Amino acid sequence: MDFSLLTTEILVALIGLLVLVVGLVLPDRGKQLVGKLSLLALAIVLVYALIAFPREASYFNGIYQVDVFGNYFKILFLIAGILVMLSASKYIKRFAAKSSEFYGLMILATLGMMVLSASGDFITMYIGLELMTISFYILTAYLQSDKRSSEAGLKYLILGAISSAVLLFGMSLVYAMTGTTIISEIAGAWTMQPAMAAGLVMIIAGFAFKISVIPFHMWAPDIYQGAPIPVTTYLAVGSKAAAFAALVRVFMLAFPPGSISFNWNIILAVLAVLTMVIGNLIALTQKNVKRLLAYSSIAQAGYILVGLVAANTYGLKGVLFYAMLYVFSNTGAFAVATAVEVDAGSTDIDAFNGLAKRSPMLAAIMTVCMLSLAGIPPMAGFVGKFYLFSGAIQAGYLWVAIIGLVMSMVSVYYYLGVAKAMYIGVSIDENPIKLDVPAQMALWACLAGTLLIGIYPGPLSNFVQTAISMFL
Amino acid sequence: MFEFILPNAWLIPLVPVLAFALIGLFLHRWPKISAALSIFSIAIAFILALVIAGGVFSAPAGTVYEFSTRWLDMPGLQVDMGLLIDALTAVMLLVVTTVALLVQIYSLGYMKGDPGIASYYAYQSLFAASMLGLVIANNLGQMFVFWELVGICSYLLIGFWFGKYSARNAAIKAFITNRVGDFGFLLAILFLQIMFGTLNFGELSDSMAGFTNMTILIPVAILLFCGPIGKSAQFPLHVWLPDAMEGPTPVSALIHAATMVAAGVYLVARAFFIFSAVPQAMTVIAVIGGFTALFAATIALTQNDIKRILAYSTLSQLGYMMMAMGIGAMTAGMFHLMTHAFFKSLLFLGAGSVIVAMHEEQDIWKMGGLYKKMPITTWTFIIGALALSGIPPLSGFWSKDEILLGALASGHIGLYIIGAFVAFLTALYMFRLIFVAFFGSNKAGAEKAQENSAVMTVPLIILAAISVVAGLVNSPLMHNAFGHYINSPAGIEPHPSLIIMISSTVIALAGIAMAWLIYQKQVISAEDLKYRFEGIYKVLYHKYYIDEIYAWLGARLVDGMAKVLYWFDIYVVNGFINAIAYVTAITGEVLKFTEDGQVQTYALYMFAGIVLLLVSALYAVYTVLI
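Sequences listed follow chains P and Z, in order.
Residue 470 in the working numbering sits at position 470 of the first sequence, with consecutive numbering throughout.
Residue 594 in the working numbering sits at position 594 of the second sequence, with consecutive numbering throughout.
Excised from the complex, chain P in its bound form (with noise of 0.2 Å):
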């Protein structure tokens, strides 16, 4: 077997195993230059995977697959891991001597995200779920000060528990169903029992609490508010685009539409449903700008799931497509959000007032970055969601795709709330918020995706063309 294929993987395991080892012997000032180092290996590795894109392989009997669709998701890893990081330059001072593990935790979880998009079987995607959630575990608990962190941490720790235990039972009754975990040999062993039908459920169940599809959110937002911002930025942009992959993964290749018996579309399109609707129902009502963004992230997961709904080319596609400028638009409304709370101590909506005056540039990046969320041309987010909701009026699903445009409409108001406060509201400090270099690098390259991907999305479509081929 050829292993160069998984030069990717390797290459960020190492980086996260050297960061772990070195950071315990650096004293204080070599552990800043480990973040430095290990940003510019993470940006090498993405050049690396960029140009290793097409290539495929199979091991272990199919136990592990290196395609483009994997890559395709590995190079959006990569990419959010680094503006997450460079982003958090600043606020990752908080962590004094602990922050040389936090980059390592954070290289791992996308490890994890990697295994998790690439896994053939479902021990594999399991192991590559585990090492991303329990990563994740640790980072948000990060703050040790802070006890909201903790809070949120150990809640995270209970629930996510929780979706494993339902997400092995769903893959073991399955298993007892067809006698494979190999996904790509399930959808020839399917019979249709009850016991396979409670196993695909529960899977759904299992991956939506990662995706925080309603009713499985609930941990979301306590856990967004609570965890370090950086932490929360990759949770929403990271966590739920290698769950999207996994899911995209598991239900077009061991249950492909149209040759089984079972239509789990539209049990996915009454979450969808639920989701875009509750989701931005509640996030009307907050005050808080990150509790605002982890509801707006729980209505969004329910516009990418309308992709996998349709399961057609437009909606996987769509579910791509979004997935890609997410990080863009996401990651930058986050890291405004983080200038924000590393200035102000606070993400509460009163914190943005006058931020138009005080720092132009960072309130035009928020403001960009939401309408984009919004989908309002010629932001990225409007072409995501012309091909997701066009993916689902091909396939049939008109009443859902209704739904996602009204809530859509819904959610401009609680958007525009913010950038209301940014641009009317007064405030008493006139100072412009200081930011370091790799936060601005983070901000314009949020910036440049959100707008440049909206404005030109052929080069983007053509790309996740190529990546979703081998589903159809």
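Where hints are given, some of them may not hold.
Stated by the list, open to error - Okay, the calculated beta carbon distance ranges per label pair:
#1 Z:I577 / P:S172: 45 to 55 Å
#2 Z:F593 / P:I138: 43 to 53 Å
#3 P:W444 / Z:F211: 25 to 35 Å
#4 Z:T69 / P:P377: 17 to 27 Å
#5 Z:V145 / P:P54: 51 to 61 Å
#6 Z:L614 / P:L37: 42 to 52 Å
#7 P:W444 / Z:P375: 47 to 57 Å
#8 P:W444 / Z:E203: 54 to 64 Å
#9 Z:T69 / P:S4: 28 to 38 Å
#10 P:P377 / Z:F211: 27 to 37 Å
If you're looking for bench data, these hints aren't it; they were derived computationally from the structure.
Since we're looking at a predicted model, the values are computed, not measured.
Even glycine gets a Cβ: it sits at the ideal position worked out from N, Cα and C.
Starting from the known structure of chain P, fit chain Z onto it as the hints suggest.
Relative to the frame of chain P, chain Z by itself:
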């Protein structure tokens, strides 16, 4: 060089856009750097345009370069974006960049000391970029985007001195008047997309060939023409243009010569294959053009504000161009657009020079004798006026002649007579302006006037030189090179006629002579004429009361309807919306309480969800198995 730049022609609008973005985002605190960057960027655009024009005009006539890439691919809708470069584009690129460059250099002097210089240059860059983008677009949709950008920029620049009430109003008026035309334009675009499934000029042209359903094509062509009526200020949407004089004078030069008004004429030329297929639409264009030409020229006779005279002159000349398009003489129309761009920007910049020297005085009756104080401005202005009046061998002579020739050759005798009469009026009002403002006796304000600095006079000299020679490119002396490259298979291309040349020269000279008799020698008293034809004079002076009629109609129709709709909006729509919003907000508040912070509750919801899913899934399986 050409091979490299050609597929990268998008750089031409992009460079000024970058200047706009850089100034707007970072450099606006340093006005001098902003101005330098803006001028530098338009200079680069000018050089690129020169290279492109060089390449296009050394290739065989009729060569079309098109580069297109897919912008959006959705089920049932493919949108392309691309570049279309042919002789028509090349001419427009050259005209726009030349005038914009000179105007921006001139503005250094004109806008000196203005606190808003940085934003002025940012808008100028965006204005030029929008116009350049419009010119190189290969489809109507893309063109419309830039078309609207041109509209926005005109709004920003006309209202540049927004502290002035009149400037604010003029900006709003220009924007709203244009919206009326743009609405028709947009409808036409939608119709074309529905009818042919494409907006690409080349593809549209091919599909037009086999399309014979006139009942639908006539309204579409006329709707399409609504755009140019608004942008190129044709009757009845001409009202914004004279008011647009509230902007800084270099902006007027830009709007009247290179951007904005030229966009409408350009659209007609670009979409000529559509119009020429619909004779009825052609008649409409020709009649509206001819009427606007005459109508505006008569108003110009009575105005006293130097810029307003020029503004009505622009209206009149635009009418001329439209008339040319309407009678099928597309080449002549474009040719006149080009020569007019040069001499009209010259005239406006000259007027700006006078206004600076007179300390913001714009009434020609308060000037007088300026030729002694401001020789460069005076002589360049006279060159511009001679070109506009159509005195050989200046540029306006050749282009105006072609239009008259086209009218006669295509059998539109009535339009020919209108054209010839307008030529007479043009010479008359231009030389009325010159004799009153530049010659005659010194008035109080003109005593201290003096010539402006080189940064303002050099652009005048350059434009004067171009105004003299630009007409030669389509003269028999150069074998009608312009027409050789820019023509439409549907257009007419008559042979030059000596009789027309001589007769139109005589008409122009007669106009000048009459102005000389009335305003210089005062053989005929202007006051006398005013009293004898008091009724006509009043109607003309008040611009046919069009603004008043619109105001009256606006008050009756728009305000009346607004009152009804307001009631409907407040009591019916708002009531409905408020009810929805109330329910939505309450639901949100109630749902918020599900989140109580207890892990047990969260787990409970999760399990409840799983149980519900399981029950429904098992029920589904059960129904299938039974």
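Each hint, compared with the structure:
{"no.": "1", "hint": "Z:I577 / P:S172: 45 to 55 Å", "verdict": "52 Å, holds"}
{"no.": "2", "hint": "Z:F593 / P:I138: 43 to 53 Å", "verdict": "31 Å, violated"}
{"no.": "3", "hint": "P:W444 / Z:F211: 25 to 35 Å", "verdict": "49 Å, violated"}
{"no.": "4", "hint": "Z:T69 / P:P377: 17 to 27 Å", "verdict": "19 Å, holds"}
{"no.": "5", "hint": "Z:V145 / P:P54: 51 to 61 Å", "verdict": "35 Å, violated"}
{"no.": "6", "hint": "Z:L614 / P:L37: 42 to 52 Å", "verdict": "49 Å, holds"}
{"no.": "7", "hint": "P:W444 / Z:P375: 47 to 57 Å", "verdict": "53 Å, holds"}
{"no.": "8", "hint": "P:W444 / Z:E203: 54 to 64 Å", "verdict": "39 Å, violated"}
{"no.": "9", "hint": "Z:T69 / P:S4: 28 to 38 Å", "verdict": "35 Å, holds"}
{"no.": "10", "hint": "P:P377 / Z:F211: 27 to 37 Å", "verdict": "32 Å, holds"}
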